[in-house]
Structures are given as structure tokens and as C-alpha cells.
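A.B. asks: These are the residues of each chain, in order.
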Amino acid sequence: MKRRIVFFTVASLVLAILSLWVGPSFSGETRDFVFLELRLPRLLVGALVGATLSLSGAAFQAIFNNALATPSTVGTTAGATLGALLALSLDVGGGVFGVSVLTASAFGGALMTTLLVSGLAASGKLSKNDVLLAGIAVTLAASALASGVQFASDARALVAAAQWSLGQLPQVGYRGVSLIAPFAGVTLIGLLALGRPLQNLALGEDLAKSQGVNVTRLRFLVLLVASLGVAACVAWCGPIAFVGLIVPHLVRLLVGPSLRTLLPLSFIGGAAFLVICDSIARIALPGRELPVGVITAALGAPALVFLVSRSRRE
Amino acid sequence: MKLTLQEVSIVHSARKLLDNVELSLETGQLLALVGPNGAGKTTLLRAALGLLTPTSGQVRLGDAVVAGLGPRERAARVAWLPQHTSGGEDLSALEVVAAARFRFDEPFGVSAREARTALARVGVAEVAERALSTLSGGERQRVALAGLLAQAAPVLLVDEPANHLDPAQQIEVYRLLGELWRAGKSLILVTHDINLLRHLGDAEQVRVAGMARGKLAFESSLTAPDLPEQLGQLFGVHMRALPLDGQRVLMPERPA
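Residue numbers (the numbering used here), protein chains in the order written: chain A, 823 to 1136; chain B, 14 to 269.
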């Protein structure tokens, strides 16, 4: 088991760093520029976003005791999409707080929906399935509103919205890194720090309570801390599918369900996975870039099916 | 630490799960709680743990009301071995026992060391690294007992610990519980199988309380002469008492 953990960590780091060299080669000053100003910041954004989505997914699967929970389960992505669509259809230019209205609006939408759901969870009156249902209800409501907005939008806004909804890592130097890092930092440090009580929760809710875990507070904290980072990621990159669902499952199949290893390795694995997918997106179509969300789904889904079927046979 | 239930009632959807239950367990006492299915035995344990809040009355642990204790303070006073320990993640025995150390707020290394000590004390040190799903029923129950030990609370609430175990493992689990009892723990032990209680040792010190329909029906001791009749009434059977090596075995028969 220890060897698997070390292997997984080293392989993730090496592959992620190697991805800097993936893509057309340049020479001289251009090379330095492409390396330091384009690929390196993009690697950092990819790593931050991948780590945040994947770690949040692992934490959500733990608090809901549900293998299908994702960072979007509590309405984060639907809220961000609604916010983004509003900005696109109203065609507001300019920016607020140094980011485009589109990003700010998506972030606001994501925070609104998740605060609503985590507020419900904080009341302590709802079971985990009630919270899950509330998340689905909020997602549906936000999607319905988004459809309404789409219906009223013009063709240009619709195309822009469709592009946004595919999810990609934008090419914009270190701005994205500095914008996402504070939020993602809170998420990553916060969730890793909650590994211990999450482990107790994984053994059963009532048992965890009897062992001294404040389960209501734990759920609320995880929802809040995770959603902050996820909202920032989704606002900046659009919804990137599958990372938060698949990476924790891949890690679990490789090293087992203990949250003590699952959380840190989801962090590392998520970062590496998205960075690798992004480099594939760079070279898959010559002369064009695929949205990274297409690659994550195309790669992640078969990998998961393969691993699940293999583990069933063992 | 003394556990007291004072006039505790719990009403759920107009049904009285607990009906004015009055019970106290002094430090170092052992109480076997028996009664037919649905009598409220598990509900009583859950109320004592603070997992259920009494509709009226209160539960006290030492000088504090359970409902007013923080989760960690509560875990420092009372630990629980639930009836069903399955359904959770398939972790290694060591991780499961180490998780029971949550209340101590200590580094994982310390928890792991304490967990190994606890596993050794219940005789399954060698399964530490194995996943729960690969263990036998008896081994799994010992791992759960190691968790109780690791939590290091003075009051232990144990719910049907020998269910689904083979006879050798049943006796072994009761023998281990008897050791914990003699080491100074207070225990409430929910069971259907009155004959297993003699494997705890000190039979005359074992208190027996019968429960039916949310109420305490009687309180007695394992060696009391009228216990067979009280149990017979409680379960609606004819309980025959057969002497065996100076002790007595109870055999339920269909009522005449």
C-alpha cells in the first residue's frame, strides 16, 4: 500500500511537470515566453482547479456517504451557469473587482446556490439525504432559470454560453492563478484539515457522533469551505466535468477508502489529471484547442469503467 | 462515572418509545438489559448517548446533563458498540480503532499506537492492517471492542455484541466484556441471550433489567430466584431453570 501511494504521488508529479514540454516547440526568447508566461501559469491554474474539484468531490462523497456526489451536487455549477448566462445575455461589458462581469456574476451565482444549501445543512434538522435533495432541487431551479434566460437571449449570447459551459483553462498569464489561489487555498487546506472527522463519519453517522464528532457542523464546514474554491474555479474556467467525480474514485480504487490517504491523493491526483488533460487538449487537434472539459470526460469515464470492472473481478 | 436516566420519555410520531424510564448505573456496575424486540432497549442506549433527545426527563453522566455536553465531552464519558457496525467504509482494523480516538485531538501516530495496544488487548493484534471485510465475524466484533477500549470512556453501552457469532466467539466476546467490567468500566449490555451472561464472571454482581413497550418491567440480578419467572413473563414464554455446575441455565419453552 505504501508503495502504491509513493508511486501514485511520484507519477502524478512527474507527468504534470512533463506536460510543460507538451505542444509545439519554440526556440530562443519565444521559448522562454511560451514556457514561463503561457504554459507555467496554465499548469498552475490547471493544478489548482483540478486539486480543488477533486478534493471537494472526495469530501462531498464522504459527507453524503454517496459515491455519486460531486462538487456540483449542491448546486454550485448550476448557480455559476445561471450567473454566467445572465451576464452574457445582458451583454454587460467591463469588469468588477478586476475580473470580467461574466466571471464575477458566475462566482456570485455559485456562492448564492451553495450558501442556500449549506445554510439548510447548518440547521441540523435535515438528514444527509435531505441536504442532497435540497442540492438537487436548487440545481434544477437554477437550471430552469438559466433556460429561461437562454430563451430570451440572442444567438451570439447562446454561442458564448455554450462555449463557456464546456469548460476550459483560459490563456491569461498569472491573473487566473492569483485570482483562484486564495479561494482554492482555503478549500484545499480546510478540507485536508477535516480529514480526521471525515474518517469517523465514513464509518457511520451515529457512531461518529458517539465518538465526539459534531456531524452537523462538519457537514456545514465541508460544504462552505469546498464551495468557496469550487465557485472560484467554475467562475473562472466554466464547469469542468468529471474531475470531481472520477479522480476520487480512481484514487480509492488504487489506494483504498481511508480518508487519510484518499484526501491528499485526490488533491495530487486531481491536479495532475487536469494538467495532463489540458496538455492533451493542446495537441489533440492540430492548430486548435479543445476545451479541456471534453478531454476530462473522454479520458476519465473509460478509465473509471476499466478500473471498476477490474476491481470487481479481483 | 454514574449514569442516570430520570423519568426519561421519548415520543416519536405519537408513539412512546421510552415511557418514564428511571434507571441508574453506578461506577463499575454492569446492567444487562433484556426484553423482546421493539421494547426500547436500543432507544434507551441512544438516549444515554445523546443521539436522541428525551421528550421529557433527562439523562445525566456524572454531574452533567448529557444534552448539555459538547460532542467531545460526551465521547470522553460514554462509548458505544452499536448493534450494526457494517455499512461504513471498508477501512483497515487499525484505522477503525484509531478513529475511536477522535476525542483526544492527538496526532494520528499517537492514535495508531493506542489502537495497536487496544487490538492486542482483545487478542487480534495481527489483523491491524487488514480490511474489515476480510475479517471473520468474531474478529470484527473484537475490533469493535478494541474501538471501545481506545475511546477510553468510563461508561460503555454495548448493543447485542454476540449477535451472529459462533458459540466459541460468543463466549470469548462476553469474557472480554467481563474483563473490561472488572477493570472498572460501567456497562449496559443489551442482549437476548441470558445464558451468555454467566461468561462475564461474578454472576451475583450482574444486574438484569427487563424492558417491554418502552418501560422498565423489572430490575433484578442474574442469580435472583425469581428471575426465570420474570423473564418468562417478559418474553411470553415458560422459562425453565436447569442447574448446571452450581449455576443455572434458562431454557425457554412454549407457555403451557
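Among the hints, a few may not be true.
Cross-link-like lysine-lysine pairs, in silico, DSS-like; alpha carbons within 27 Å at most [said to hold, decoys possible]:
# : chain 1 : residue 1 : chain 2 : residue 2
1 : B       : Lys29     : A       : Lys950
2 : B       : Lys228    : B       : Lys29
3 : B       : Lys15     : B       : Lys228
4 : B       : Lys15     : A       : Lys947
5 : B       : Lys29     : B       : Lys15
Output of the computed footprint for chain B on chain A, the stretches with three or more beta carbons under 8 Å from beta carbons of chain B [to be verified]:
# : stretch
6 : 848 to 859
7 : 1088 to 1097
Think of the hints as simulated: they come from the structure by calculation, not from any bench.
Beta carbons: idealized from backbone N, C-alpha and C, even for Gly.
A.B. asks: Hint by hint, note whether the structure agrees.
C.D. replies: Hint by hint, here is what the structure shows:
| no. | hint | result |
| --- | --- | --- |
| 1 | B:Lys29 <-> A:Lys950 | holds, 26 Å |
| 2 | B:Lys228 <-> B:Lys29 | holds, 9 Å |
| 3 | B:Lys15 <-> B:Lys228 | holds, 21 Å |
| 4 | B:Lys15 <-> A:Lys947 | violated, 30 Å |
| 5 | B:Lys29 <-> B:Lys15 | holds, 26 Å |
| 6 | 848 to 859 | violated (count 0) |
| 7 | 1088 to 1097 | violated (count 0) |
Hint compliance for this structure: hints 4, 6 and 7 are not met, and every other hint is.
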